[in-house]
Amino acid sequence: MIELQNVTKLYGTVIGVNDITLSLAPGAYGLVGPNGSGKTTLLNLITGQLRPTIGRVRVLGQSPWKQDQLLRAIGLCPAVDVLYPNVSALEWVSYLVELHGLSSAEARRRAETALREVGMESTMRRSMGTYSLGMRQRTKLAQAFAHDPSLLILDEPFNGLDPIGRHEMTEVLRRWVRSGRSLILASHILHEVEAVSPSFLLIRGGRVLASGPPDEIRALLADVPNEIRIRCNRPRLLACEFVESGLSESIRFLDQGETILVSTRSPVAVFEQLPHWLAKFDLEVFEMRSADDSLQRLFSSLMRIHRGEA
Amino acid sequence: MWHGALVVFRFELRRTMTLNRVAIWLLLVLFPVFIVSVMKYYEPEIEGEIPRDAFNSRQVRVQRGLAWGEEEHDGDGDESGPAPHPRGSAAEAEPNPMDPIWGFVFFGLIPEVITLFGLLLWVPPLVHAELEGRTWIYLAVRPRGRVSVLLGKYLTAITWTALAGWASTTACVLIAQPGCALRLWGTMVALVTLACLAYGAIYSLIGVWLHRRAMAIAVSTR
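From first to last, the protein sequence lines are chains P and X. All the letters of the first sequence, read from the start, carry residue numbers 1 to 310 under the working numbering. All the letters of the second sequence, read from the start, carry residue numbers 1 to 222 under the working numbering.
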């Protein structure tokens, strides 16, 4: 479905994406990366809004650059908010569908169906100036799939949605994936992507660091040391216990010796052992943090693998 | 491409039908009407200031159906020569010494001021408005979306401006009641149309190439 060969995009001297080579078969993919990682640049290359400085992009067998007919097969929901204050969602979505070459009546019918599907049935005739951020997000999603594309590309579609809205949006996207059509969902929140896409592309600094299903990514990270930050009343004693137990790879003292940063390959064993030490030495723990579940930590680990440090 | 342009034109025409836009449109229409009304009020004084031979110009001669260098026939002259105009035609009307003045005033106020000002307001920001409103990307991912938006918005801007020019011309001619009313009206309507098409195209070019400072550059090109 999508092929990128050594694709690099430069904005002057700034690198947008850096030497990306990948091949994606039809299906659903989550493009995960922190803000500024190159997700939007990659999506713009795929939709033909940008031309790669180096390399080659093929989407559905064609180069997307200046390939207008290809745009009929792609639905894009950009991250940027939209504001036509005195236009209703129905008018706006109909207008965008009509630009795909459909008749006015057919465009309106499809717009109504799409807006109904994203839960905008009762508000689609109200002007968009009165919409909440969540309603505008739903409208944006509706305009992306109203013309019935085979590939749907969403850039941060969950922004501004409340938990109910997120759940409903997830359900809409799951239905889309179940219908056998392709989806690329870009987000900086891992669990949102995991709920919809069976496969990840992890991107940072313009590079794809890892790709595959979540289990594969976790397996990749299994051998990477995890860091646990502990602030307690007797940090030196606790550090000695870590060293004696052999559970730690390394220990660093932070905050003038009040906090220790333990690097370990066996976080589960550490969490099992810690209560015993607390009871035995009458330790008081004021703060304990593990960044291991956060996206930042995931990417730090992947970057270390990428640099050959882990 | 034309389908897209017409879709954008319809959408933009509906979207821009706001109180602000209508108020500006009315202002454009009424500005020449006001000037012409004041001139009409003082017409006897202005006419009194005009020397008798001031308008022995080509414009007056053409209006009277005379070739350049041909002497003007008086009522008692040779009747066998060809009549300058068929009886009952608009150009047969008695020439008014104010007609050339109305011609200059109409031309200066309508195609030169109203058309330019209207287009300056609506054409140069045609790309920048979409970029600023962050709606450009939604249009750019439609087949021939960029060209459709450009053409559609160009058509919208010239429609608004041409309507203002035509309405203003009609009102001014009705108020001024020049001797060659129909002819002056027709000429001005044609000039407004041509001015809208040409200036609109120039400002569109500026708006596309230099969209960030399009308005300033468009003003400076005048």
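FYI, nobody ran anything at the bench for these hints, they're computed from the structure. Please read all numbers here as calculations on a predicted model, not as lab measurements. One thing to keep in mind: the hints can contain errors.
[Unchecked claim] In the SDA-like style, the derived pairs of lysine to any residue whose C-alpha atoms are separated by at most 20 Å in a straight line are:
id, chain 1, residue 1, chain 2, residue 2
1, P, K66, X, W209
2, P, K66, X, W2
3, P, K66, P, L133
4, P, K66, X, A5
5, P, K66, X, W136
6, P, K66, X, R14
7, P, K66, X, V208
8, P, K66, X, L139
9, P, K66, X, H3
10, P, K66, X, L150
11, P, K66, X, E45
12, P, K66, X, L116
13, P, K66, X, L151
14, P, K66, P, M1
15, P, K66, X, A140
16, P, K66, X, L26
17, P, K66, X, R144
18, P, K66, P, G55
19, P, K66, X, R146
Pair hint outcome, P/K66 versus X/L116 [Cα-Cα no greater than 20 Å] | Roughly 34 Å separates the two Cα atoms, so the pair is violated.
Pair hint outcome, P/K66 versus X/W136 [Cα-Cα no greater than 20 Å] | The given pair, whose Cα atoms are some 16 Å apart, holds under the 20 Å limit.
20 Å limit on alpha-carbon distance, applied to hinted pair P/K66 and X/H3 = 19 Å, holds
CA of P/K66 to CA of X/W2, is that 20 Å or under?
-> 18 Å, holds
Straight-line Cα separation of P/K66 and P/G55 no greater than 20 Å?
-> Distance of about 16 Å is within 20 Å: holds.
When you check the alpha-carbon spacing of P/K66 and X/L26, does it fall within 20 Å?
-> Roughly 41 Å separates the two Cα atoms, so the pair is violated.
Pair hint outcome, P/K66 versus P/L133 [Cα-Cα no greater than 20 Å] | 32 Å, violated
Does P/K66 pair with X/R146 here, judged by a C-alpha cut-off of 20 Å?
-> 11 Å, holds
Taking 20 Å as the top limit, are the C-alpha atoms of P/K66 and X/R144 close enough?
-> Holds, because 9 Å separates the two Cα atoms, which is no more than 20 Å.
Is the straight-line distance between the alpha-carbon of P/K66 and that of X/E45 20 Å or less?
-> 65 Å, violated
Given the hinted pair P/K66 and X/W209, is their alpha-carbon gap at most 20 Å?
-> 19 Å, holds
Restraint check for P/K66 with P/M1, where alpha carbons must lie at most 20 Å apart | 18 Å, holds
Of the hints listed earlier, those the structure fails to meet are numbers 3, 6, 11, 12, 16, in rising order.
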